[in-house]
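J.: Single-letter residue listing:
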Amino acid sequence: MGRDRLNIDELFKFYYRPLCLYATHYVQDVEMAKDIVQDCFSSLWEKMNNEKSCEVSNMKAYLYVMVKNRSLDYLSQENLFKSGVSFTELEETLLDEEVEERSVMEARMWTAIDALPERCREVFLLHKRDGLKYQEIAEKFHISVHTVDSHIQKAFRLIREGAYKVYMFLFN
Amino acid sequence: MNELEEKCLRFVLRHYRKNKLDTRQALKVFKEKHGVVGRAGGKNRYFLFLSGLAAAILLAFIVWVGISPEKQWTELAAYEHAVKYQLPDSSVVTVYPYSSICFRTKDYADVCREVKLTGKVGFMIKRDCTRPFKVIGKLAEVQVLGTCFVMDESRADTAWVQVESGKVRFSVLGQSEGVELLAGMEAQVVKGQHVPQIVHRPDSVKKGSFVFENTPLPKVLAELSRYYGVKLVADRTDKRLTANFDAHSLDEIIEIIEKVLKVHIKKQV
Numbered sequence: 001m002g003r004d005r006l007n008i009d010e011l012f013k014f015y016y017r018p019l020c021l022y023a024t025h026y027v028q029d030v031e032m033a034k035d036i037v038q039d040c041f042s043s044l045w046e047k048m049n050n051e052k053s054c055e056v057s058n059m060k061a062y063l064y065v066m067v068k069n070r071s072l073d074y075l076s077q078e079n080l081f082k083s084g085v086s087f088t089e090l091e092e093t094l095l096d097e098e099v100e101e102r103s104v105m106e107a108r109m110w111t112a113i114d115a116l117p118e119r120c121r122e123v124f125l126l127h128k129r130d131g132l133k134y135q136e137i138a139e140k141f142h143i144s145v146h147t148v149d150s151h152i153q154k155a156f157r158l159i160r161e162g163a164y165k166v167y168m169f170l171f172n
Numbered sequence: 001m002n003e004l005e006e007k008c009l010r011f012v013l014r015h016y017r018k019n020k021l022d023t024r025q026a027l028k029v030f031k032e033k034h035g036v037v038g039r040a041g042g043k044n045r046y047f048l049f050l051s052g053l054a055a056a057i058l059l060a061f062i063v064w065v066g067i068s069p070e071k072q073w074t075e076l077a078a079y080e081h082a083v084k085y086q087l088p089d090s091s092v093v094t095v096y097p098y099s100s101i102c103f104r105t106k107d108y109a110d111v112c113r114e115v116k117l118t119g120k121v122g123f124m125i126k127r128d129c130t131r132p133f134k135v136i137g138k139l140a141e142v143q144v145l146g147t148c149f150v151m152d153e154s155r156a157d158t159a160w161v162q163v164e165s166g167k168v169r170f171s172v173l174g175q176s177e178g179v180e181l182l183a184g185m186e187a188q189v190v191k192g193q194h195v196p197q198i199v200h201r202p203d204s205v206k207k208g209s210f211v212f213e214n215t216p217l218p219k220v221l222a223e224l225s226r227y228y229g230v231k232l233v234a235d236r237t238d239k240r241l242t243a244n245f246d247a248h249s250l251d252e253i254i255e256i257i258e259k260v261l262k263v264h265i266k267k268q269v
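Protein sequence lines, in the order shown, are assigned to chains W and H.
Under the working numbering, the letters of the first sequence match residues 1 to 172, in that order.
Under the working numbering, the letters of the second sequence match residues 1 to 269, in that order.
Treat each hint with caution, since some may be false.
Lysine-lysine pairs mimicking DSSO-like chemistry, simulated, CA-CA at most 30 Å apart [stated by the list, open to error]: (1) H:K18 x W:K13; (2) H:K28 x W:K13; (3) W:K154 x H:K31; (4) W:K140 x W:K154; (5) H:K31 x H:K18; (6) H:K18 x W:K133; (7) W:K128 x W:K140.
Not the full set, but computed from the structure, chain H residues with beta-carbon under 8 Å of chain W [what the hints assert, rightly or not]: (8) M1; (9) L9; (10) V12; (11) K18; (12) K20; (13) L21; (14) A26; (15) H34; (16) S90; (17) C148; (18) K167.
Ranges of calculated distance between the beta carbons of each label pair, as one might list FRET restraints [stated by the list, open to error]: (19) W:V99 x H:I57: 19 to 27 Å; (20) W:E51 x H:L59: 45 to 53 Å; (21) H:M1 x W:D39: 30 to 38 Å.
Rather than coming from a laboratory, the hints here were simulated on the basis of the structure.
Here the structure is a predicted model, which is why all the values come from computation and not from measurement.
Ideal placement from N, C-alpha and C gives every residue a C-beta, glycine not left out.
Isolated chain H, as found in the complex (with noise of 0.2 Å):
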């Protein structure tokens, strides 16, 4: 220590004991005696106060709008098997594989029947002449007021429609422009395209169904593959196969296919 720092502490220590000279304590006894409530001049203080409750306020309304029920999404899925689903208004949805819907839980209920789709559903819509039901896909939507219909969007790019009962309104996002499908009809949409194509195939008009005639086994595990988001292998390509499948399980197909045609198949991740 210096000496001007020497005679500081000097004087100091001659001087101190704990706590003697308690700067707060003396400013309470200064606004005692002279009546000063809270901090004389404490705009700081006045200003954090009003900023802790805009933040305050401000973070109430971002729960709310979070939790808010009419914010309130639904969300319907499937993974490695199809799920059936019952809709609010006793609509009925098979969500295949790895697809998915929602939709808005109250609207749903009260406004508008408008579902948003990610890859491949099967619905039963239960009429309703005063909320048509919608769905919306990444690439085009489907309208109607009741029936029986397929929407796929599981393959890259292409939107494809299959009606079972009943007329649906098919067409292109933000397109006005769309076709009508009637029952036994399906028509598709490649991204680029402003209408969608029909494309007639009866006897793929079951919902959920999988129709191979005389198809090569490649091309069979290739669809069925791209459905349930599995890739399928077999020890055999040059076999060749007939038969119609109910899509509920993956399983039970491959192993209806392995005893018909003596091959074996394997999924791979």
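The following block holds chain W by itself, in its conformation from the complex (with noise of 0.2 Å):
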């Protein structure tokens, strides 16, 4: 792909979400991961300017092993692989052949979520990720547990929805 054909709005919309969770698995921190996704785009930009006869057959394939580098090499710098942070699940996850195309149903349902009804989706996570009883919830927000349940399986039902749903803007 050269420069002319490099359509960055495309790419972003596609890759950046993924490639974000992606780098996430090894650097256990959205914000860090978010700066080594930026990283990468850019350089591939610069790469583009500056090397007129530069061609890149598979965008995707380029741009995981990028992210996955600057991982690697962020890890590396920072010493990380010693203090242990994570790392079971850092070995799962690269032990993980399909892990692009899991990065991608991540990404699909952070979408989701974010796309979620605003009450079901704070009922959601507060279950889910915070691990907060039903009854607890419904107090918090003075509904019944009935409703508490109707939510969370509302979000449940759209999420898995959302996993495997294709849109073209699915990442914005």
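Assemble the dimeric complex from its two separately framed chains, guided by the hints.
T.: Spelled out as structure tokens, the structure:
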């Protein structure tokens, strides 16, 4: 892909969020992952600008490899391998042969959670992420336990549907 | 959810914060950093812009064609009663019931006096040697310099012209050969004919009149029905009528006939 064919809008739309989550598997920090991905896009842009003859036949693979290498560089520089931060998770992720596809599914789930109705998302996150019980959530929002259950079931359904839907504007 | 989905969801939930991964914001930051203006590689947007521009120009052209003074038409029509109108050149027309004429407003005033006729219309045309007056019907056309005449195409497949004063040229549409009619003459053309046939009927020269001489009542009503577009039926059909009527008011004519012949006439739609 030459520079004249490099559509940065499309690249961001398709790959920004999956790449961030892919990098997060390594660095375990979304903000750092975002910086790494921005750096990778910048490097690609400058490479295309400076090297007129530069051709990238598989942009997706190129970006994923670049993000992975930068993530590992970051871990090496920060000596985080020794700190033991989420090493189990890191190892598990790195052994996954379909890690790229997994980051895509995670990006779709992230997008689906973003798109949930406000109260539905709050209830779902309090239960699934923060570990609150139905009764605690019901008291917090002054709603019935049945309503909490409805919100959570709805959230599960929408996230699951979102995980398999393919939209062009999926990761906006 | 299967194992992979559960694993993915656990990972997402561990890191999820609303609006934390904002693609648009990230793209904006990238563009600001690299001085990218607008949408890089935005050929589609450029194409859409050009398409929109072309559509707007086309729409404007269509609107212009529709409202341009050169293209505007004036229509003069009458429904239940005959109506007199004055044309831009001071000529006067009497449009009979359920008839009309139309002409291009600007062309009539500046270029050529040409009107299209439907039904029956009487003309008192102001003389203008430089711009002949032309009436175009569905079947025939009439051309004059200045005169009084009536043209009638209200009967199916028949065009009829009656001249009160002056001279007119009466011809079939698309045919070069025609007839010249002088005052007191009338002529008609039936569909399929190439040249109008002259018919002399001096008694009925008066514009817009009905002349009946010992005419059977059904025939009288048939003629009135045809002119006014309303079916007239009488309770007796054995009467005959001799009378001259001015064709301005059907109700008056009916009232006179009812009184003279002692019959009752009904209008049927």
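J.: Taking the hints in turn, state whether each one holds.
T.: Hint check results:
| no. | hint | verdict |
| --- | --- | --- |
| 1 | H:K18 x W:K13 | holds, 18 Å |
| 2 | H:K28 x W:K13 | holds, 12 Å |
| 3 | W:K154 x H:K31 | violated, 38 Å |
| 4 | W:K140 x W:K154 | holds, 19 Å |
| 5 | H:K31 x H:K18 | holds, 23 Å |
| 6 | H:K18 x W:K133 | holds, 22 Å |
| 7 | W:K128 x W:K140 | holds, 16 Å |
| 8 | M1 | holds, 6 Å |
| 9 | L9 | holds, 6 Å |
| 10 | V12 | holds, 5 Å |
| 11 | K18 | holds, 7 Å |
| 12 | K20 | holds, 6 Å |
| 13 | L21 | holds, 5 Å |
| 14 | A26 | holds, 6 Å |
| 15 | H34 | holds, 6 Å |
| 16 | S90 | violated, 68 Å |
| 17 | C148 | violated, 74 Å |
| 18 | K167 | violated, 77 Å |
| 19 | W:V99 x H:I57: 19 to 27 Å | violated, 52 Å |
| 20 | W:E51 x H:L59: 45 to 53 Å | holds, 46 Å |
| 21 | H:M1 x W:D39: 30 to 38 Å | holds, 34 Å |
Violated hints, listed in ascending order, are 3, 16, 17, 18 and 19; each of the other numbered hints is respected by the structure.
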